[in-house]
Amino acid sequence: MAQLWGGRFTKETDKLVYNFNASISFDQKFYEQDIRGSKAHVKMLAKQGILTEEERDKILEGLEGILADVKAGRLAITSEYEDIHSFVEANLIDRIGDPGKKLHTGRSRNDQVALDMKLYVRDEIDAIDQEVKALLEALQKIMEENVHTYMPGFTHLQKAQPVTLAHHVGAYFEMFRRDRGRLFDIRRRMNTCPLGAGALAGTTYPLDREYTARLLDFDEPTRNSMDSVSDRDYVIELLCALSTIMMHLSRFSEEIILWNSNEYRFVEIDDAYSTGSSIMPQKKNPDIAELVRGKTGRVYGALMSILTTMKGIPLAYNKDMQEDKELTFDAIDTVKGCLALFTGMVSTMQFNKANMEASAKNGFTNATDAADYLVNHGVPFRDAHGIVGQLVLKCIDRGISLDELSLEEYKEISPVFEQDIYEAISMKTCVEKRITLGAPGPDVMEKVIAGNKKYLEEN
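Residue 168 in numbering that gives the first Met the number 0 sits at position 169 of the sequence shown, with consecutive numbering throughout.
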C-alpha cells in the first residue's frame, strides 16, 4: 500500500480501512491536474532557492515522463496507491531517486487536492461552456429559419395566444444564455490558487504564492489558508449551475415529448435520436428527451449530497470532503453528455409547420385579438371579452375555429364586426401586431436574432 504517511504508526492499516479511506479509484481522474500543479510548485521552489536547478530539472523531467506514460497507457494507475498524489510521488521517486522525495516540500495533500479540484473544475467549466454554446448555436439556427412559423403559445398547458417557433425557441435561448453567465461567474470567483496554504496554517518555507498562481493561470493566491483547504463553495456553485442547466434541458425535453406525441404531431425526431419498441412495431419513442428529463434528478442529487456533506464540517480540512469528487465528476459527465445529445436531437428534428399553425387556429389563440378588434371599434374591453367568449362557445359547439365563422354569425353576437375581422384574427396579423421588444413580431424577432448572433460571435 503506497501512502505518503506512516512514520508514527507501529502497524499497517487494516486493509478494509485502507480501501475505505483510499480515493485512487476516482481521484485518478485528475492526474493531469495533479502533475500540472506539481510542476508549478517545483518551479516555484527552485525560484526561491529551496530546490537547486538540477533538482528542479530532474523532477520536471520525471513528472513529464509519468504524464506521457499514463497518457500512452504504459503506466497504469492502480489501487496499490492510496490516492493520485501518492501515485505520482511514488513513481517519481522510483524513476529519479532522492530528488523525487523533495517534491512535497512546503506542501500538504490538503492544499494539493484543493488545487487539483480547482484546476479540474475550471477545465470542466470551460468544456461545459462550449457544449452550452453549441446548443445555443443550434437554437439560433432554428430561430433564424422560423420567424414566420406560427404555433400556439401556452399558459397552464392551455392554448393561449399565437406565437412563432422562433419566439418559443428564443425563450430557451435566453435560459441557456443565462446558464453560460452563471458558469462565467463561478469561474471568475473560484480563480484563486490554494497551493501554499499547507495543511491549514501555511508553511515556514519562503514560498512565492503569487508566482505559483501566475504559473497556473489563477488571478491571485487565496487569502486565508484555513479557508483555502476547506472551501468547496465553487463545487456547490457549479452543481447548482449544472442543476439549473438540467432543469432547462428537462423543461425543453418535456415539450419535445409532448410535441412528438400523436396528439400534437409538431415535430418528427430523427431516427438517429429515437428508439423503437420490442413488441409494438409502430412505436418511435423520444428516449433521448426522456433520459435527459430523467437524469436531471441525478444531478440534483449531487447538489443535495455535497450541501449535506459540507453543512456540519468544522475548520479546516476533514476527510468528509473527499465525498465532493465522485458526485461532481458524475454530474459533470452527465451534463456534458446530455448537452451533446440534446443538441444533436434538436439540430436534426423536423418541425411540422402546418400542424403547428392549425393547432394555433383551432385553439382559439386569436380570441384576444378578436376582443382587441372590438375595443378598437369603441367596445369596452369587459364587454368585448364577453362577446368573444360567446363566439368561442359557438365554435366549440360546431367544432370549428374563429376563422371559419361567417360574418353573419359574428354580427349575430355583435353588429360591430365587419369583413376586416378575418384579417385582424389571422395568425400573420396576430403575430405581426406584437411589435414590442421581446414579443414574437418578425421585426423585433429579427433584432433579437441579430443580437444573439453578435453575442455568439463575441462569446
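Please note: incorrect hints may appear among the correct ones.
[Said to hold, decoys possible] As a list, the in silico DMTMM-like pairs of lysine to aspartate or glutamate whose alpha-carbon atoms are at most 20 Å apart:
# : residue 1 : residue 2
1 : K294      : E254
2 : K100      : E60
3 : K446      : D122
4 : K453      : E130
5 : K335      : E63
6 : K335      : D319
7 : K324      : E53
[What the hints assert, rightly or not] Computed beta-carbon distance windows for the label pairs:
#  : residue 1 : residue 2 : range
8  : A339      : A71       : 23 to 29 Å
9  : E457      : N190      : 54 to 60 Å
10 : P379      : D184      : 27 to 33 Å
11 : G336      : S276      : 20 to 26 Å
12 : H384      : A438      : 18 to 24 Å
13 : T51       : R73       : 53 to 59 Å
14 : G296      : S276      : 36 to 42 Å
15 : D232      : S277      : 33 to 39 Å
16 : D329      : D270      : 25 to 31 Å
17 : M279      : E457      : 23 to 29 Å
18 : Q157      : D270      : 41 to 47 Å
19 : L455      : E417      : 44 to 50 Å
20 : G450      : S260      : 53 to 59 Å
21 : G64       : P313      : 47 to 53 Å
It is worth saying that the hints were derived from the structure and are not from the lab.
Ideal placement from N, C-alpha and C gives every residue a C-beta, glycine not left out.
A range of 53 to 59 Å was offered for this pair. Does it hold for the Cβ distance of T51 and R73? 29 Å, violated
Can the suggested window of 20 to 26 Å be confirmed for the beta-carbon pair G336 and S276? 24 Å, holds
Holds or violated: K453 and E130, Cα atoms, limit 20 Å. 18 Å, holds
Decide if the proposed pair is consistent with the structure: K446 and D122, CA atoms, cutoff 20 Å inclusive. 34 Å, violated
Does the hinted range 36 to 42 Å hold for G296 and S276 at CB? 24 Å, violated
K335 and D319 were given as a pair; does the straight-line alpha-carbon distance stay at or below 20 Å? Judged against 20 Å, a Cα distance of about 26 Å means the pair is violated.
25 to 31 Å was suggested as the range; check whether the CB atoms of D329 and D270 agree with it. 30 Å, holds
Holds or violated: the 44 to 50 Å window for the beta-carbon distance between L455 and E417? 46 Å, holds
Indicate whether the distance between the beta carbons of P379 and D184 respects the range 27 to 33 Å. 49 Å, violated
Quick check on a hinted range of 54 to 60 Å for E457 and N190, using CB atoms only. Since E457 and N190 have Cβ atoms about 21 Å apart, the given range 54 to 60 Å is violated.
Consistency of beta-carbon spacing, A71 to A339, with hint 23 to 29 Å: 26 Å, holds
Against the range 47 to 53 Å, how does the distance between the Cβ atoms of G64 and P313 compare: consistent or not? Violated: the Cβ-Cβ distance is about 41 Å, outside 47 to 53 Å.
Checked against the numbered hints given earlier, the structure breaks hints 3, 5, 6, 7, 9, 10, 13, 14, 15, 17, 18, 20, 21 and satisfies all the rest.
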